[in-house]
Every structure is written in structure tokens, then in C-alpha cells.
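Trainee: In this text, residue positions in the sequence shown follow my numbering: the first is 70, and each later residue adds one.
Treat the hints as calculated values from the structure; they're not laboratory data.
A virtual CB, placed ideally from N, CA and C, is assigned to each residue, including glycine.
Be a bit skeptical, because a hint or two may be false.
[Claimed, not checked] In silico lysine-lysine, DSSO-like type, Cα no more than 27 Å apart, as pairs:
| id | residue 1 | residue 2 |
| --- | --- | --- |
| 1 | K111 | K157 |
| 2 | K144 | K665 |
| 3 | K786 | K830 |
| 4 | K173 | K191 |
| 5 | K665 | K161 |
| 6 | K191 | K687 |
| 7 | K665 | K350 |
| 8 | K568 | K525 |
| 9 | K765 | K816 |
| 10 | K830 | K349 |
| 11 | K232 | K157 |
[Said to hold, decoys possible] Using C-beta positions, here's what the derived DEER-type ranges look like:
| id | residue 1 | residue 2 | range |
| --- | --- | --- | --- |
| 12 | K237 | K765 | 19 to 25 Å |
| 13 | V343 | I479 | 31 to 37 Å |
| 14 | A321 | K237 | 19 to 25 Å |
| 15 | E339 | I524 | 26 to 32 Å |
| 16 | A321 | K366 | 43 to 49 Å |
| 17 | K366 | R812 | 18 to 24 Å |
| 18 | I220 | I524 | 17 to 23 Å |
| 19 | N742 | E339 | 57 to 63 Å |
| 20 | I728 | K656 | 43 to 49 Å |
| 21 | G769 | Y567 | 54 to 60 Å |
| 22 | K119 | D554 | 27 to 33 Å |
| 23 | V343 | S581 | 43 to 49 Å |
| 24 | E521 | I770 | 51 to 57 Å |
| 25 | R812 | E361 | 33 to 39 Å |
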Amino acid sequence: MKNINKIFYHFIMAYIVLILIPLFTGIFLNWKIVNEYELHVKKSHLTYLKKTQDVLESFIEDIKWSTYQLANNTKLLRLISNNGGDIKNSEKSILIRETISELKKSLLYNTSFNSTFYIYLKNQDIILTPYSFYSHEDFNNSFNFFKMENIDSKNWHSFITSKYQSGKILKVRSTIIEDFKNKNMIPYIQTMPIDNSNNAKNITGAIVYLIGEQDFIKFLDYDSIPKGGFSYIADENNNILSLLSNTDKEIAPLILIGDEGMTDIILQGEKMLVIYTTSKKNSWKYVSVLPEEWVLKSVKFYQLLSIIIMSIALVLCLGVAFKLSQKWSKPLNRSIKSLTDYLKIGSLENESINSLDRHVNRLIDENEIMQDKILDQNVFVHNAFVNRVIHGFFKNEEGLTKYLNYIGFIITEKCFSVVVFSLNDFDLLGTAESFEDFNRIKEYLKTTIQAEIQIKMMISEQENSDIVIIFMTDNCITHKELVLDSLHKYVYILPSQYKTNLKISMGDSVNSLMDIHKSYIQAQDIQSLSDNSSENQILTTNSLLKKLENYYYPIEIESRLINSITSGNLENNEKLFQILYSENFTKRALNRENLKHFYSNLLSSYNRILNQIPENIKTQIITEYNNIDNINFFNIKELFSDICLKQNNNKKSHNNLLIQEVKDYLKSNYKNNNLSLYTVADNFSITESYLSFYFKEQTGINFSTYLEKIRIEESKKLLVNTNDTIDTIAKAVGYNSDKTFRRVFQKTLTISPSSFRLENKN
Numbered sequence: 070m071k072n073i074n075k076i077f078y079h080f081i082m083a084y085i086v087l088i089l090i091p092l093f094t095g096i097f098l099n100w101k102i103v104n105e106y107e108l109h110v111k112k113s114h115l116t117y118l119k120k121t122q123d124v125l126e127s128f129i130e131d132i133k134w135s136t137y138q139l140a141n142n143t144k145l146l147r148l149i150s151n152n153g154g155d156i157k158n159s160e161k162s163i164l165i166r167e168t169i170s171e172l173k174k175s176l177l178y179n180t181s182f183n184s185t186f187y188i189y190l191k192n193q194d195i196i197l198t199p200y201s202f203y204s205h206e207d208f209n210n211s212f213n214f215f216k217m218e219n220i221d222s223k224n225w226h227s228f229i230t231s232k233y234q235s236g237k238i239l240k241v242r243s244t245i246i247e248d249f250k251n252k253n254m255i256p257y258i259q260t261m262p263i264d265n266s267n268n269a270k271n272i273t274g275a276i277v278y279l280i281g282e283q284d285f286i287k288f289l290d291y292d293s294i295p296k297g298g299f300s301y302i303a304d305e306n307n308n309i310l311s312l313l314s315n316t317d318k319e320i321a322p323l324i325l326i327g328d329e330g331m332t333d334i335i336l337q338g339e340k341m342l343v344i345y346t347t348s349k350k351n352s353w354k355y356v357s358v359l360p361e362e363w364v365l366k367s368v369k370f371y372q373l374l375s376i377i378i379m380s381i382a383l384v385l386c387l388g389v390a391f392k393l394s395q396k397w398s399k400p401l402n403r404s405i406k407s408l409t410d411y412l413k414i415g416s417l418e419n420e421s422i423n424s425l426d427r428h429v430n431r432l433i434d435e436n437e438i439m440q441d442k443i444l445d446q447n448v449f450v451h452n453a454f455v456n457r458v459i460h461g462f463f464k465n466e467e468g469l470t471k472y473l474n475y476i477g478f479i480i481t482e483k484c485f486s487v488v489v490f491s492l493n494d495f496d497l498l499g500t501a502e503s504f505e506d507f508n509r510i511k512e513y514l515k516t517t518i519q520a521e522i523q524i525k526m527m528i529s530e531q532e533n534s535d536i537v538i539i540f541m542t543d544n545c546i547t548h549k550e551l552v553l554d555s556l557h558k559y560v561y562i563l564p565s566q567y568k569t570n571l572k573i574s575m576g577d578s579v580n581s582l583m584d585i586h587k588s589y590i591q592a593q594d595i596q597s598l599s600d601n602s603s604e605n606q607i608l609t610t611n612s613l614l615k616k617l618e619n620y621y622y623p624i625e626i627e628s629r630l631i632n633s634i635t636s637g638n639l640e641n642n643e644k645l646f647q648i649l650y651s652e653n654f655t656k657r658a659l660n661r662e663n664l665k666h667f668y669s670n671l672l673s674s675y676n677r678i679l680n681q682i683p684e685n686i687k688t689q690i691i692t693e694y695n696n697i698d699n700i701n702f703f704n705i706k707e708l709f710s711d712i713c714l715k716q717n718n719n720k721k722s723h724n725n726l727l728i729q730e731v732k733d734y735l736k737s738n739y740k741n742n743n744l745s746l747y748t749v750a751d752n753f754s755i756t757e758s759y760l761s762f763y764f765k766e767q768t769g770i771n772f773s774t775y776l777e778k779i780r781i782e783e784s785k786k787l788l789v790n791t792n793d794t795i796d797t798i799a800k801a802v803g804y805n806s807d808k809t810f811r812r813v814f815q816k817t818l819t820i821s822p823s824s825f826r827l828e829n830k831n
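With the sequences and hints as input, model every part of the structure.
Mentor: Shown next as C-alpha cells:
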């Protein structure tokens with residue numbers, strides 16, 4: 070009996086001790102797998118949401134620059150200035166048609182046919198679209214031309230012209246415009262003129278960009294949304310701007326705490342995993358809502374696998390326990406059975422390892438596919454950068470460097486030139502089939518260019534038929550020869566059907582990214598000056614010198630010059646006049662008649678500028694102009710530079726006055742616990758981003774830091790001069806709770822409020 074108790078005792082103790090080891094190991098492994106997988110899901114989805122955010126913000130920035138170009142269109146400005154009716158009806162009709170023709174070029178390359186825009190002229194009975202023009206009555210009284218959900222056209226046009234709107238984006242709504250039928254549109258509003266942010270009485274109209282909801286949705290990847298899940302983008306007021314759903318359930322925007330994170334919620338009886346991030350630029354939220362069951366679907370395999378491994382380990386422990394008991398009993402049949410069980414366990418363990426290896430490989434393959442999709446989105450960022458640099462949107466090297474760092478581009482080359490590939494038959498396209506064929510040709514050209522030409526390049530597809538390429542090398546001496554040689558070799562191997570009506574023009578090389586727009590303008594000029602020969606051509610400035618007899622003053626240069634002067638940009642104004650001098654007096658020998666026309670056009674720009682500057686500056690400039698004895702290039706340049714300088718000084722004076730008014734407002738209202746950047750910006754009828762930028766520029770500190778400084782200084786007086794509680798003082802200086810007040814006080818002065826009171830009262 071004593072031996073039996075010993076055998077039982079050793080059997081039980083060995084079993085209990087050995088079972089605890091695999092049990093705790095299995096529990097820990099199971100917990101670790103679930104946590105690691107949830108962390109992986111969060112990181113991958115946050116990466117996807119941030120990439121979507123970057124691409125969408127570039128898209129909106131493109132719309133902003135497009136509306137700025139529209140607002141500065143010279144023909145449109147002439148229509149707006151026709152308050153006195155000095156333009157005859159016949160001339161006005163021609164002017165309207167020419168304006169519409171130029172507007173067609175302003176539709177963004179990365180929008181679909183669902184997006185459009187129209188320009189509402191407040192003081193003229195005209196509404197312009199990229200395809201036609203209408204009277205106010207046409208839009209107000211007919212549902213065939215315009216209708217917007219929950220608002221009639223009169224109230225809508227009153228809304229967009231009664232208060233200054235700078236890039237205001239509203240929530241999606243059903244809209245009819247021209248031949249569109251009940252399309253879901255997201256309105257983007259820009260009041261004209263651009264620089265009229267403080268005077269609603271001077272509003273001359275508004276540009277309404279109607280972005281098709283599909284152009285927002287395309288940034289959300291439908292393939293990454295499981296059944297029962299959805300993704301959306303919400304604006305700063307938590308209104309859903311774009312939604313992609315794979316569920317039949319009703320969807321409303323979620324109330325989310327913090328700028329970024331992952332949380333669990335119960336949504337209509339189902340447990341969901343919410344992953345979100347917030348844009349620092351415009352406070353939009355990018356949200357993915359996924360069923361937790363789907364998220365943990367893959368991890369369940371690992372959980373099951375860990376249970377199997379744990380069970381196998383338990384069986385092994387049981388076998389070891391039996392082996393210990395054999396020391397006392399030594400029955401032969403039990404030893405043979407234990408050995409057989411052990412060998413079976415070995416085969417199960419090997420099968421589990423192979424299964425785990427297969428699943429890990431599948432997970433790696435899926436991750437590579439996801440990375441490829443993320444890289445595809447870089448195409449939008451690439452095109453946005455090329456469009457900015459060829460149109461000269463960057464004001465200085467610092468801004469360009471910051472943008473390159475932001476999008477992750479590294480450019481070390483020193484020499485650049487722009488080449489434009491133009492397909493002349495684009496205007497002949499009229500059917501969906503021909504448009505599809507045309508796109509196929511462009512894709513073929515882009516693919517073969519990158520494959521055959523061994524020079525570093527950036528490619529952008531324009532809204533018209535052009536393909537724009539920026540070639541980059543390290544050696545400026547051999548740059549042009551290398552590019553031309555590569556282009557000739559490429560054209561030689563092209564099939565004949567792709568050579569028809571293909572025209573290639575190359576601008577001069579430049580040694581700075583900031584000057585690339587000069588090379589682009591030259592390439593465009595070469596395109597416009599060349600003949601329409603059906604033979605393929607590679608054209609440079611040298612091949613067209615005989616056609617450079619007329620003066621050089623394109624609309625694009627005029628628009629940029631007017632914009633630079635009215636905005637007070639001295640550096641850009643100087644660069645543009647250098648271009649005009651080089652083109653008209655170095656590269657050309659203008660006769661007296663052409664020179665006269667050139668000066669006449671410069672003075673026409675001068676008159677347009679006068680209509681966009683304050684009265685006090687206008688009076689001074691007119692006096693200076695009347696004192697000019699001889700009209701020549703340098704006198705005109707000096708006159709324009711003087712306007713630019715006065716505008717710059719006027720802008721600085723205005724900013725100083727505005728900042729002082731904001732400071733006074735903060736000192737008077739710091740006790741209000743609802744005081745914020747938004748409420749102050751709204752009080753002065755300016756945007757939050759504008760206020761934040763100029764406050765930091767003028768004062769050297771952030772808006773929030775300045776407000777905290779005022780509140781802390783006032784709280785110090787109350788702590789020393791009164792016996793009020795900390796909670797009472799916190800509320801008296803604008804804090805919602807004493808906890809927040811204590812934290813800010815400690816952070817600012819490195820001492821608690823109570824300690825400060827004790828030290829200073831004593």
C-alpha cells in the first residue's frame with residue numbers, strides 16, 4: 070500500500086508540475102500573437118490612411134492653384150471690370166467665347182468627367198462653365214442647368230458672394246449642372262478677387278469647383294475594405310465628405326477622441342475596430358472601420374495553432390509522467406504504448422510547423438501586394454510635384470526644399486531641361502473609343518520612354534494631350550547633347566503608327582529646380598511656333614530662331630507678373646522682368662512696330678494692376694507715371710517695381726495692424742474658456758490657417774503659447790493677491806478645470822500653483 074501511495078504521489082506531482090509549463094507558455098503565446106497582430110493591423114492601416122491623406126491634400130492643393138489661375142485669367146478680369154458697359158456686345162461675345170476656350174484647359178488632369186466648375190460673376194449677368202455660358206436667370210429658373218440639394222440657386226449664389234470664402238469645402242450634396250443628372254458633388258468655393266478677404270462689398274464673383282464624389286472616393290481603396298466595414302473622410306465639423314462602404318447598414322460619422330489611434334466600438338450590435346488619423350493641415354479625419362471578427366480572422370489560425378501545440382505539449386507531459394511512474398511499476402506493455410504515442414506526437418508537431426511556415430509566407434505575399442498599392446498612390450504625388458515646378462509655383466528655394474522633404478523626393482542632379490511630347494490629333498477625338506485609343510498611345514509612350522532612355526527623369530501627364538518630361542543629369546556641359554541623342558535614338562525605334570503627328574520640343578537647360586518653369590515655357594513656345602508638318606520633329610530653340618521676330622509676352626507670363634506685383638513679391642517680379650529682357654532684347658531684334666506693341670501690352674498690364682491695388686497707392690503710382698518723359702523697358706520695369714514695393718510695405722503694415730488687434734482681443738477675452746484659434750479667426754473674418762501662420766510670423770511664438778502666457782501671468786497675480794482656491798482661479802483665467810491649469814502652470818514655470826503662492830506670499 071505504501072508503494073502504491075508513492076507511485077500515485079510521484080505521478081500526480083510530476084503531472085501537475087509539467088502541465089503548468091506548457092499551459093502558461095501557451096497562454097502567453099496566445100496573448101502575444103493577438104496583440105502583435107492587432108498592432109500590425111493598426112500600423113498598416115494608419116500607413117494607408119496617411120498616404121491617402123497626403124495624396125488628397127495634394128489633390129486639393131491642385132484645385133486651389135487651379136482656382137487661383139482662373140481668378141487671374143486676363144480675359145475673365147476684363148469681363149469682370151466691364152461695370153460701365155464699355156465693351157460692345159459683339160466684342161463681349163467674342164471675349165466670352167475666348168474666355169470659355171481658356172477655361173477648358175483648367176479642368177484638373179486627375180479628375181474624372183464627374184467633376185466640373187463654374188464661375189459666377191456677381192455684377193455681370195454671366196455664369197461661365199468650361200463648355201458654355203449662361204445668364205443668372207438661366208440658372209435661377211431652370212432645373213435643366215442647375216439645381217442643388219436643399220437650397221435654391223438664388224440663395225446659393227447669395228451665399229457664395231455675400232461672405233468671403235477662401236477654399237471653403239462643403240459636404241457632399243446632390244447637384245445638377247448642365248448635362249449632369251443628380252451627381253453627388255463636393256463644392257469647393259473661392260471668392261473673387263483672391264486678395265479681398267476683409268471686404269465683402271468688393272466681391273465680384275465666385276469660382277465654384279464641383280468635385281465629383283467619385284474623385285474623392287478613388288483615394289480610398291475599396292479592395293482593402295472587408296464585408297461589413299467602411300472608410301470615410303470627414304471635415305473639421307465631422308461632416309462626411311467621402312465614404313466607401315461594404316455594408317448595408319446606415320453610417321453616421323463617429324465621435325473620436327484624439328488625433329490618431331485605434332479603438333473598439335459596438336456598432337449596431339457588432340463589435341468593430343476603428344483606426345483613424347487627423348490631418349494637421351485642415352483637421353480632416355481619415356477613418357477605417359473594420360469588423361473585429363475579420364481583423365482577428367487570421368489570428369484565429371494562430372490561436373488554434375497555439376492550442377494544438379499546447380495540447381501536444383500536454384500529451385508529452387502526460388507521457389513523461391507515465392514514464393516516471395514506470396520507475397516504480399515497470400510494466401512492459403505501458404512502456405511500448407508510451408513510445409508509440411511519442412512517435413505519433415512527433416509527426417503532428419512536424420505538420421504544425423509546416424502549416425505555420427505556409428501561412429507566414431502567405432502573409433508576406435499579401436504585405437508585398439499592399440506595399441505595391443501604396444507605391445501606386447505615389448504617382449499622384451509625383452504628378453503634383455512636376456506640375457508645381459514647371460509652372461513656377463515655388464516662391465523660393467526654402468519652400469521647394471521643404472516640399473521635397475515632405476513628399477520624400479531626393480534630387481541631387483545639377484542640370485535640368487523640359488521636353489514636351491505633343492500628340493496633335495487630340496482635338497479630333499470625339500468618341501469614347503477614340504479617347505481610349507489615345508490614352509493607350511500615351512501609356513505606350515510613357516512606358517517606352519522610361520524603358521529606352523537611360524537618363525533620370527520625371528514624367529507628368531497634362532490635362533491636354535501633352536506629356537511633360539524633366540530630364541536630369543550631373544553634367545551641364547554634356548546635358549543637352551546627351552538628351553537630344555537619346556531622343557533621336559528613341560524616335561528611331563518607334564513604330565510608324567506612333568510617330569504620326571508626334572511633335573517633340575525641348576527647352577534650354579537650366580541649373581536649378583527653381584528655373585525649370587523657364588525651360589517649360591520655351592518648350593511650349595517652340596510647340597506653338599512650329600508648323601503642323603506630319604513628319605516627326607525634335608525641335609529646340611536653335612531650330613526656330615528665324616521665327617522669333619514677334620515680341621515675347623505670353624499670357625502665362627503676364628498673369629504671373631500681375632500676381633507677383635499685386636502680392637508684393639519683389640523677388641519673383643525681378644525674375645520675370647529678367648526673362649522678358651532676355652527674350653525680347655537678347656534673343657530677338659524687335660523692329661520699332663513690334664517694340665511699340667510690346668510696350669503697349671506692358672502698359673495694359675499696368676492698367677489691370679491699378680484696378681487691384683488700394684486707392685492711396687494707385688494715386689501715387691499714377692502721379693509717377695505722368696512724370697515719365699520717355700516710355701521704355703527700364704522705365705516700365707522701375708514703375709512696376711515701385712508698385713510691388715509699395716504693395717509689399719502695405720501688406721506688412723496691414724499684418725502688423727491685424728496682429729495688434731488680435732493681441733488686444735486676446736487680452737480682453739482671455740477669461741472665456743471657449744476662446745480658441747477658430748473663434749478669434751471667425752471674429753476677424755479670416756481663416757484659421759492664415760491667422761496661425763501670420764501670428765507665428767509676426768510674434769515668433771504660436772497662438773496657443775501666447776494665449777497661455779496671458780492666462781498664466783493673470784493667474785500669478787490672483788495667486789499672490791487673493792485667497793481664492795486654485796479651482797476658482799483656474800476658471801477665472803479661462804481654464805475648464807484646475808487639473809488643466811495645474812499642468813500648464815507647472816510646464817510653464819516649473820513650479821506648482823500652490824508652491825508659487827506659498828513662496829511669493831511669504
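Trainee: Each hint needs a verdict: does it hold in this structure or not?
Mentor: Status of the hints after comparison with the structure:
{"no.": "1", "hint": "K111 x K157", "result": "violated (64 Å)"}
{"no.": "2", "hint": "K144 x K665", "result": "holds (22 Å)"}
{"no.": "3", "hint": "K786 x K830", "result": "holds (11 Å)"}
{"no.": "4", "hint": "K173 x K191", "result": "holds (21 Å)"}
{"no.": "5", "hint": "K665 x K161", "result": "holds (26 Å)"}
{"no.": "6", "hint": "K191 x K687", "result": "holds (24 Å)"}
{"no.": "7", "hint": "K665 x K350", "result": "violated (48 Å)"}
{"no.": "8", "hint": "K568 x K525", "result": "holds (23 Å)"}
{"no.": "9", "hint": "K765 x K816", "result": "holds (21 Å)"}
{"no.": "10", "hint": "K830 x K349", "result": "violated (43 Å)"}
{"no.": "11", "hint": "K232 x K157", "result": "violated (31 Å)"}
{"no.": "12", "hint": "K237 x K765: 19 to 25 Å", "result": "holds (23 Å)"}
{"no.": "13", "hint": "V343 x I479: 31 to 37 Å", "result": "holds (35 Å)"}
{"no.": "14", "hint": "A321 x K237: 19 to 25 Å", "result": "holds (23 Å)"}
{"no.": "15", "hint": "E339 x I524: 26 to 32 Å", "result": "violated (55 Å)"}
{"no.": "16", "hint": "A321 x K366: 43 to 49 Å", "result": "violated (26 Å)"}
{"no.": "17", "hint": "K366 x R812: 18 to 24 Å", "result": "violated (42 Å)"}
{"no.": "18", "hint": "I220 x I524: 17 to 23 Å", "result": "violated (54 Å)"}
{"no.": "19", "hint": "N742 x E339: 57 to 63 Å", "result": "violated (38 Å)"}
{"no.": "20", "hint": "I728 x K656: 43 to 49 Å", "result": "holds (46 Å)"}
{"no.": "21", "hint": "G769 x Y567: 54 to 60 Å", "result": "holds (58 Å)"}
{"no.": "22", "hint": "K119 x D554: 27 to 33 Å", "result": "violated (42 Å)"}
{"no.": "23", "hint": "V343 x S581: 43 to 49 Å", "result": "holds (46 Å)"}
{"no.": "24", "hint": "E521 x I770: 51 to 57 Å", "result": "holds (55 Å)"}
{"no.": "25", "hint": "R812 x E361: 33 to 39 Å", "result": "holds (34 Å)"}
Taken one by one, the earlier hints fail for this structure at numbers 1, 7, 10, 11, 15, 16, 17, 18, 19 and 22, listed in ascending order.
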